[in-house]
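Okay, here's what each chain looks like letter by letter:
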Amino acid sequence: MKNIIFLLFCLYHLGALASNSDLQAQYWAKANDAIQAQQLDTAIKYYQEILKVSPNNAAVYYNLGNAFYKKNEVAAAVLQYEKALFLAPDMKHAKDNLMLAKSRIPNYIKPAKNIFFINWWQAATSANSSKAWAILALIIFIGLVGLRVGRLMLIIKQEVPIQLYLILPLIMLASIALAFVAASRKTTTNLAVVSTNTAMMRTSPQSTKNQLSIPEATTVTMTGDKQGNWVAINLPNNREGWILQTDIIPVRITPKKH
Amino acid sequence: MQRIVFLIIFLLISRFNVLAQGVVFSAEASAKTIGIEDQVQVTFTIENVPELQGIQNPSFPGFRQLAGPFQSQSTNYSFNGNQQVRNSSVSLTYVLQATQTGDLKIPGIIAKDGQGKAYQSNSIVIKVVNGSLAAKQRQQQQSNDPFGGYDPFDDPFFGGSGGSGDPFAAIRQQQARMQQLMQQLQQQAQGGANQANMPSVSEKDLGKNVFIKVTVDKTKVLVGEQITATYKMYARIPMQAQLSKLPTLNGFWTQDFDLPKEQKPQRETLDGVEYQTFTLKKSALFPQQTGTLVLDAAEANGVAQIADRANPFGREVQFKIKSAAVNITVNALPEKDQPENYGGAVGSYTLSAKIDKSALSTDETAQLVLDIAGTGNLKLIQAPPLKLPNGLDAYDPKIIDTITSRTTTISGHKYISYTIAPRLAGNYEIAPITFSFYNSKTAKYETLHTQTIKLQVSQGKNTPLAENDLKTISDIHPNIASKYPLVSSTFLLVKSTAYWLVYMLGILAVLFFALLKKRKEHEQNNVGLFKNKYANKVALKRLKTAKAFLDQSKTIAFYEEISKAIWLYLSDKLNIPLSQLSKETANDALAHKQLSSTQLDKMNRIIDDCAMALYAPAGAAKQMTQTYEDTTALISELEETLKR
Chain A
1 MKNIIFLLFC
11 LYHLGALASN
21 SDLQAQYWAK
31 ANDAIQAQQL
41 DTAIKYYQEI
51 LKVSPNNAAV
61 YYNLGNAFYK
71 KNEVAAAVLQ
81 YEKALFLAPD
91 MKHAKDNLML
101 AKSRIPNYIK
111 PAKNIFFINW
121 WQAATSANSS
131 KAWAILALII
141 FIGLVGLRVG
151 RLMLIIKQEV
161 PIQLYLILPL
171 IMLASIALAF
181 VAASRKTTTN
191 LAVVSTNTAM
201 MRTSPQSTKN
211 QLSIPEATTV
221 TMTGDKQGNW
231 VAINLPNNRE
241 GWILQTDIIP
251 VRITPKKH
Chain B
1 MQRIVFLIIF
11 LLISRFNVLA
21 QGVVFSAEAS
31 AKTIGIEDQV
41 QVTFTIENVP
51 ELQGIQNPSF
61 PGFRQLAGPF
71 QSQSTNYSFN
81 GNQQVRNSSV
91 SLTYVLQATQ
101 TGDLKIPGII
111 AKDGQGKAYQ
121 SNSIVIKVVN
131 GSLAAKQRQQ
141 QQSNDPFGGY
151 DPFDDPFFGG
161 SGGSGDPFAA
171 IRQQQARMQQ
181 LMQQLQQQAQ
191 GGANQANMPS
201 VSEKDLGKNV
211 FIKVTVDKTK
221 VLVGEQITAT
231 YKMYARIPMQ
241 AQLSKLPTLN
251 GFWTQDFDLP
261 KEQKPQRETL
271 DGVEYQTFTL
281 KKSALFPQQT
291 GTLVLDAAEA
301 NGVAQIADRA
311 NPFGREVQFK
321 IKSAAVNITV
331 NALPEKDQPE
341 NYGGAVGSYT
351 LSAKIDKSAL
361 STDETAQLVL
371 DIAGTGNLKL
381 IQAPPLKLPN
391 GLDAYDPKII
401 DTITSRTTTI
411 SGHKYISYTI
421 APRLAGNYEI
431 APITFSFYNS
441 KTAKYETLHT
451 QTIKLQVSQG
461 KNTPLAENDL
471 KTISDIHPNI
481 ASKYPLVSST
491 FLLVKSTAYW
501 LVYMLGILAV
511 LFFALLKKRK
521 EHEQNNVGLF
531 KNKYANKVAL
541 KRLKTAKAFL
551 DQSKTIAFYE
561 EISKAIWLYL
571 SDKLNIPLSQ
581 LSKETANDAL
591 AHKQLSSTQL
601 DKMNRIIDDC
611 AMALYAPAGA
621 AKQMTQTYED
631 TTALISELEE
641 TLKR
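Residue numbers (the numbering used here), protein chains in the order written: chain A, 1 to 258; chain B, 1 to 644.
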């Protein structure tokens with residue numbers, strides 16, 4: 001039932017897009033022309049207009065990020081590249097440009113080197129691996145069904161080892177779980193970008209001791225804890241602390257409201 | 001009083017490789033021989049001590065301490081190649097007067113540095129004679145120069161140290177200079193009185209006889225162009241004066257010229273009247289803004305002796321003098337042909353750049369020192385922009401000005417030192433640095449370039465950014481310029497209905513086949529029942545075939561069919577496999593089924609007939625009809641009996 005509603009919702013969207021897509025294509029062309037003519041502010045305005053209507057367009061975020069980069073607004077550029085990569089995690093150019101933008105952050109906080117299995121876990125649950133896990137689970141499931149039916153119908157003559165019936169469903173369930181975890185990365189992100197050059201991180205919202213200045217344009221991870229105006233974050237080097245909510249902009253893309 | 005005076009010295013923290021010079025601790029007296037009435041200044045100077053902890057309070061046996069200690073501190077930086085050499089000194093000055101005659105020895109004192117190391121100064125011997133030596137000398141030299149001899153400017157504050165590092169030193173210098181100046185003026189006044197050469201002036205005319213005059217070399221300049229301003233005191237009557245206000249020079253960057261150590265009053269004729277003049281201040285002024293700037297007045301007050309008929313020694317009059325303010329018109333620099341990135345430099349300069357290493361790793365940093373040398377508003381020059389290729393970072397430059405102001409123009413060096421931190425390995429070329437200035441002599445802008453600097457960077461052990469891909473790209477990837485791209489898909493397979501429908505179908509398929517299998521197994525278990533049910537039908541079918549063979553008189557085929565019909569019927573009906581079935585087993589099984597003996601006989605006879613006919617078919621032909629009828633009858637009878 002929920003899915004049917006979703007489908008209708010999508011169709012409604014598509015209808016709305018169809019009427020707007022011409023206008024957006026025009027804005028897109030105008031913005032790209034403006035970039036060519038070095039009119040960065042004009043281009044930025046057009047890109048932002050497009051995103052108001054169609055907030056899930058990675059390419060627009062990418063171009064917008066480039067425009068900010070050329071204006072030397074590193075924090076804004078980083079935010080746009082992060083958004084593009086959230087929507088399209090495989091976008092190589094956005095990855096490179098984000099790296100270049102980050103290389104221009106003064107006092108850049110180096111990301112901590114993770115232990116190998118954390119890297120594996122992150123790779124395994126990256127947003128675009130959801131489909132692969134879902135397909136793997138399905139293949140295992142179809143295999144299991146085939147085995148069972150084959151045995152029932154005596155197409156498979158030999159006895160199937162019982163271990164296979166234990167291991168395969170376990171792998172299948174694990175794959176489905178991973179598919180869901182990866183899917184959650186695609187629907188939401190807890191990343192945020194520091195947007196001011198006066199951001200200070202505290203060890204707790206009350207404590208004013210041991211404050212740490214966080215460079216503008218640093219990408220931080222929000223842990224989800226919140227106290228008043230303070231949100232808990234993790235720095236790229238895995239340090240934890242609290243930062244003013246107004247000092248960061250979440251990468252999360254808010255869907256268009258109808 | 002053997003008290004240790006602790007002086008805490010805050011040393012400038014520098015990022016440069018600082019080469020400290022050797023430590024020197026010395027004591028100096030302003031004169032080797034003095035009169036008992038004279039004052040003497042003794043200065044202890046310690047140079048280049050790394051971290052001065054304390055200096056022992058000196059003792060002056062045979063002397064009375066009149067003033068002091070005056071502390072002065074200075075730090076100088078100079079460059080030796082790319083290494084910065086720092087010269088720092090701290091000095092303590094005491095003003096003493098002898099209380100006895102003879103050779104008096106001022107013993108050396110001890111200073112300690114941060115590490116507890118002690119330094120000993122030298123001792124001084126001063127010869128003290130009766131009377132005032134200074135006065136004697138003055139008298140001796142009066143014939144040619146009434147003010148010579150005693151040199152009030154032989155002052156430790158004026159000694160060597162440039163004092164550019166310590167703003168207070170400058171103030172102290174100024175104060176000291178003032179003191180000396182006043183002494184001088186006083187002496188001049190006395191000298192004048194002694195000579196009884198007092199001009200007859202009234203109080204009204206005082207302003208004409210004692211005044212301060214400001215002279216500037218030009219009154220109309222461009223922003224950043226040098227003006228030389230001289231504050232001079234003119235006097236032609238005996239007087240004592242004290243400077244009460246030094247001019248403040250708003251809107252200018254000023255650099256005072258060093259006045260000669262042994263400044264003597266000059267004779268100057270102004271409008272036909274001869275004056276003794278004394279230079280109070282000589283400064284180079286660099287206007288920083290356009291418009292009319294005012295050179296503030298300098299003020300002094302004092303007492304002058306003027307002639308009075310009642311008193312042969314004259315009469316003392318209080319006075320207050322003030323220099324006239326001077327207006328300077330400052331015009332903006334011409335905008336025509338103004339180079340890009342012009343940083344406000346006016347004068348005449350040369351530019352050179354030097355880097356301390358041409359090859360380094362990403363773990364190291366290099367020092368790029370830009371040297372702007374020449375004359376003009378050096379301090380006001382903005383650092384020219386440094387354009388670094390991607391992969392190199394520079395911190396904010398450290399700027400050091402070394403300015404000499406001994407001549408009539410301000411000249412020196414401006415060292416702009418950039419710390420360059422390479423981020424990525426590779427061969428880099430730092431584009432020429434451009435510096436432009438306005439040459440006020442030729443009234444033209446001139447632009448200087450440095451050489452292209454090559455830098456070879458190898459990969460160090462630490463990589464600040466682990467992304468090695470950056471090496472391959474020097475700038476951001478270009479925009480996506482194709483036609484309007486499609487909205488990124490938000491479809492998720494794992495959350496789609498179709499995906500889970502496949503699982504449902506799979507489970508249903510397994511269930512379906514499992515059910516099918518179960519039913520089949522069930523039926524296999526009841527296969528006897530099944531055969532029993534259909535035994536009659538099968539038998540009748542075979543009898544029909546047998547009838548056909550009978551009609552065609554095919555004896556063997558007929559008996560074969562009859563035999564099959566009867567045996568298969570019995571096998572199915574009695575649930576005995578064909579392999580085990582024989583006449584005996586059939587009889588045994590039928591015996592339990594309450595069959596009449598006639599029926600059994602009939603059955604046995606048919607079986608026997610069939611066997612006979614199959615082994616000896618010749619004689620069997622006659623009985624074929626009989627056998628057929630018997631078999632039909634038997635099967636229907638058995639069907640009837642076994643059903644019950």
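These are calculated hints, taken from the structure and not from any lab test.
By construction, the Cβ of each residue, glycine as well, lies at the ideal position given by its N, Cα and C atoms.
Treat the hints loosely; a few may be bogus.
Dumping the calculated BS3-like pairs for lysine-lysine here, alpha-carbon to alpha-carbon at most 25 Å [what the hints assert, rightly or not]:
{"hint": "1", "chain 1": "B", "residue 1": "K444", "chain 2": "A", "residue 2": "K92"}
{"hint": "2", "chain 1": "B", "residue 1": "K112", "chain 2": "B", "residue 2": "K127"}
{"hint": "3", "chain 1": "A", "residue 1": "K157", "chain 2": "B", "residue 2": "K517"}
Computed footprint of chain A on chain B, listed as stretches where at least three residues anywhere in the stretch have a Cβ under 8 Å from a Cβ of chain A [unchecked claim]:
{"hint": "4", "stretch": "108 to 117"}
{"hint": "5", "stretch": "509 to 517"}
Computed Cβ-Cβ distance ranges for the label pairs, DEER-style [stated by the list, open to error]:
{"hint": "6", "chain 1": "A", "residue 1": "Q48", "chain 2": "B", "residue 2": "T292", "range": "43 to 51 Å"}
{"hint": "7", "chain 1": "A", "residue 1": "Q48", "chain 2": "B", "residue 2": "A514", "range": "32 to 40 Å"}
{"hint": "8", "chain 1": "A", "residue 1": "S126", "chain 2": "B", "residue 2": "E364", "range": "16 to 24 Å"}
{"hint": "9", "chain 1": "B", "residue 1": "M504", "chain 2": "A", "residue 2": "G224", "range": "32 to 40 Å"}
Cross-check of the supplied hints:
1. B:K444 - A:K92: 52 Å, violated
2. B:K112 - B:K127: 30 Å, violated
3. A:K157 - B:K517: At roughly 15 Å apart (the allowed maximum being 25 Å), B:K517 and A:K157 satisfy the hint.
4. 108 to 117: violated (count 0)
5. 509 to 517: It holds: at least three residues are needed, and the stretch 509 to 517 of chain B offers 6 whose Cβ sits within less than 8 Å of chain A.
6. A:Q48 - B:T292: 43 to 51 Å: 50 Å, holds
7. A:Q48 - B:A514: 32 to 40 Å: 59 Å Cβ-Cβ, so the 32 to 40 Å window is violated.
8. A:S126 - B:E364: 16 to 24 Å: 36 Å, violated
9. B:M504 - A:G224: 32 to 40 Å: 35 Å, holds
Comparing the model with each earlier hint shows violations of hints 1, 2, 4, 7, 8; every other hint is respected.
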